[in-house]
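Novice: Chains as they are written, first to last, in my numbering: chain A, 1 to 55; chain B, 1001 to 1801.
Hints were generated in silico from the structure; no laboratory data involved. Among the clues, some could well be false.
[Unchecked claim] Below, computed lysine to any residue pairings styled on SDA-like, alpha-carbon distance capped at 25 Å: (1) K1338/B <-> A1140/B; (2) K1179/B <-> A1140/B; (3) K1179/B <-> I3/A; (4) K1179/B <-> L15/A; (5) K1179/B <-> M1189/B; (6) K1179/B <-> R1290/B; (7) K1746/B <-> L1766/B; (8) K1179/B <-> S2/A; (9) K1245/B <-> N1762/B; (10) K1117/B <-> L15/A; (11) K1179/B <-> M1/A; (12) K1179/B <-> L4/A; (13) K1179/B <-> A1152/B; (14) K1179/B <-> L10/A.
In this text, all values refer to a predicted model and were calculated from it rather than measured experimentally.
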Amino acid sequence: MSILYVLIPLALLLLGGAVWAFFWAVGSGQFDDLDTPAVRIIMDDDKKPDDGDAA
Amino acid sequence: MTKGAETCFHCALPIPTDCNLNVDIEGEQRPVCCPGCKAVAELIRDSGMSLYYSLRDAPDPGVGRPPAETAEWQVFDSEDMLAAFADQSRDHAETTIYVGGMYCAACSWLIETTLGKLQGVESVDVSPVTHRLRVRWRLADARFSSILAALAQLGYQPQPLAPENATRPELIEQRVALKRLLVASLGMMQVMMFAVGLYAGEFQGIDPDMQHFLRLVSFVVTTPVVFYAARPFFAAAWRGLIARKPGMDLPVSIAVGSAYAASVYATFTNGEAVWFDSVTMFVFFLTLGRFLEMRARHRSIDRSAALSAKLPNTATRIEAEGVAVVPVSQLIAGDLVKIRAGDAIPADGVIESGNTSVDEALLTGEARPQPKSRGDLIAAGSVNLDGLVEMRVTRTGGDTTLGTISRLSERARYTRPAFVTIADRVASYIVIALLGVATIVAAYWYFMAPERAFVITLSVLVVTCPCALALATPAAFAAAGSRLSQLRLLVTNGNAIEALSRGTTVMFDKTGTLTRGMPEITSVIVFDSSMTEHDCRLIAAALETASAHPLAKAFAMSASLPKVSRQHVEVGQGVSGTIDGRNWRIGSAQFVGGGASGEGNSVNMTATSVFLAVDGHLVAWFDVEDELRPDVAATLSDINRLGLRTALLSGDNRNAVEELATRLGIEEFYFECTPQRKLEIIEAAQGNGERVVMVGDGINDAPVLAGADTSIAPAHGALLAQTSADVIMLGDSLLPVTTAIRMSGKTMRIVRQNLAWAIVYNTLALPLAAAGLVPPWLAAIGMSASSLIVVLNALRLSRFN
């Protein structure tokens, strides 16, 4: 069980890293828009003007 | 359906009858209303982005009439402008642009894709929530003006923001809330994991060193949760204490603070038990609740910024060494600015030289041009229509009339509903009572079983936290508000939903509400062969300048008009006046005389015939039509089905009102009403115990909206009216009126359910906890579950149709 004395501090380090990464991401504005990314997947960027005749 | 009911495929504005433009989108001919919309639609199609049309939530009124010249933006390429608006590094620049007219995810996609294709643009971030766009480009390959022009070409109204205006407070609030939520949730997960070890240790034995170690790491993880994630609760509790109005944050803080302190004490003294798991879970659920509430609050559309988009970006300032184009934000009182015809007025000021007429529709809703000359005040946001003027700036930015009005409407939006305030006050009594009960419980158990006293008191504090009670109403209102804004209704007054749900009578204004309020001359027949149609229109326009009749708007022309003397208005009949020594009359058939008759000739039911005569001879016959809004009939029958009475109030003459009322099946109608009379009718109805919902655009009669129990105004109306309206409808259809009424009923039902549930829960949980039957972790689950049930119940409103 003494491996826990290593693993748990390691987990805490990872946790700290995750929190730091998230704070950085929030700070750089990556979470400012929580609505568009959900629908972005259905939008084709490369659609040519003449290839679609669907309604 | 009238022929005018056809609307533009791009911007959904009605298509003028003399316009015949089409755009081929995905193989179908779509009608558009103007060359501007045609250009925009073709641009969108040619960039392969026709998908925009199927993804957008609704066409945006206002989008689609792009500013004509690209040249306007070129002032932004100068060094000074770049320095004022953009952050520059060696070869890159980055700036924030407010994008007026952007409402949905489809818009943000369109903008990102279009700008992303511009050469030299490195990154584009669009936030539809705050209407802001962050763009970074290489100075060598792209120019600021080309980015702005590209946005303008899409039909949006770009407005570069100086760094100090670039970040919305909402955005900062959201970022901080996200960070707190993440700390609380990750902290909770970790502490739960350690807690599993500790609880298992209770049952099957645990090495004391390992127990101490697990408690220690729990302490390490819980500390930031308490001091960072839960800080707003402590701060609010402290503010409540200072203001002597303890809110629900106080027992929350006491519970979190004391449980944390006791756990820390137990950790370092090898005490009986720790409650780090309960603490983190409690904080997490509270933070989650707050976060959801905040998101709902932010969703309502950012109207104040939308207003500032009505101001121009730049002004031409007259300085000692000549003229300079400067950003509007750099204007100060005392500056002399030059305003060309067609430009929006950048600040409030006094005309120093020049004559012009201005369109003040944004402020007053009055669409007719107002003549202005030296010494006259002109207000920011109005549009200079014809002359070149020099203006001495008196007030800028937020101090202008426009700024004041937008602040007023903003403030109205943040007033809390009366009974939420009552609920808050009640909650503060409940909190005091709870603290009393907790003290009694603590004292009792201290004498009966001192070792259990702390745990039981903690459970009482946690389980009875009146969160559910406090959330019951605001959660439902926030959900209703955000759903309504998706359905294109803006709730500007917190009391509106409750008042709407109690409405018994819906009164409609006629012009501008049931009809579009933009009368147009649909046909002209000239009887006098010595005159052209244009001559007749000029004379009619000159005569009608005196009239405040809604139909007079149809005649307004921006050309220079012949001079009229002895102008006289016969209310509800017409106008007479002398031009070049001849006596002209314009108005109804009996008013002008000369054998005019509109009997049986009018093609269209909604058209009104207006006659022009000179010295008793009939000269011309105009058909003026104010088209009905779409869905009027459906809206009225829906309202009747809901069991509400309908009535029509109008300043129009009897014939027009009666005809419309009969056609729409409205039994109660009032004609030739002055604003004063409308107010009296509403007050009389209120005297009979009716609760009146007034639907009107408030042009010339904003007090009428304020006098009704609730008022709904279409968004195109006067700004001033919007400050007195409780609900604003975006878009053209009248159907949102019924949506708002049905939604308000449903919201109040949910509020009642929530309150009932919260009260039942608290009355059941308190005795159980006081009896010592609820351990702290169960208390935390119980309180969180009760709050979540309330929030989830409220969120059912967001699926309302």
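Novice: Tell me, which hint numbers fail for this structure?
Specialist: Hints 1, 2, 3, 7, 8, 10, 11, 12, 13 not satisfied by this model.
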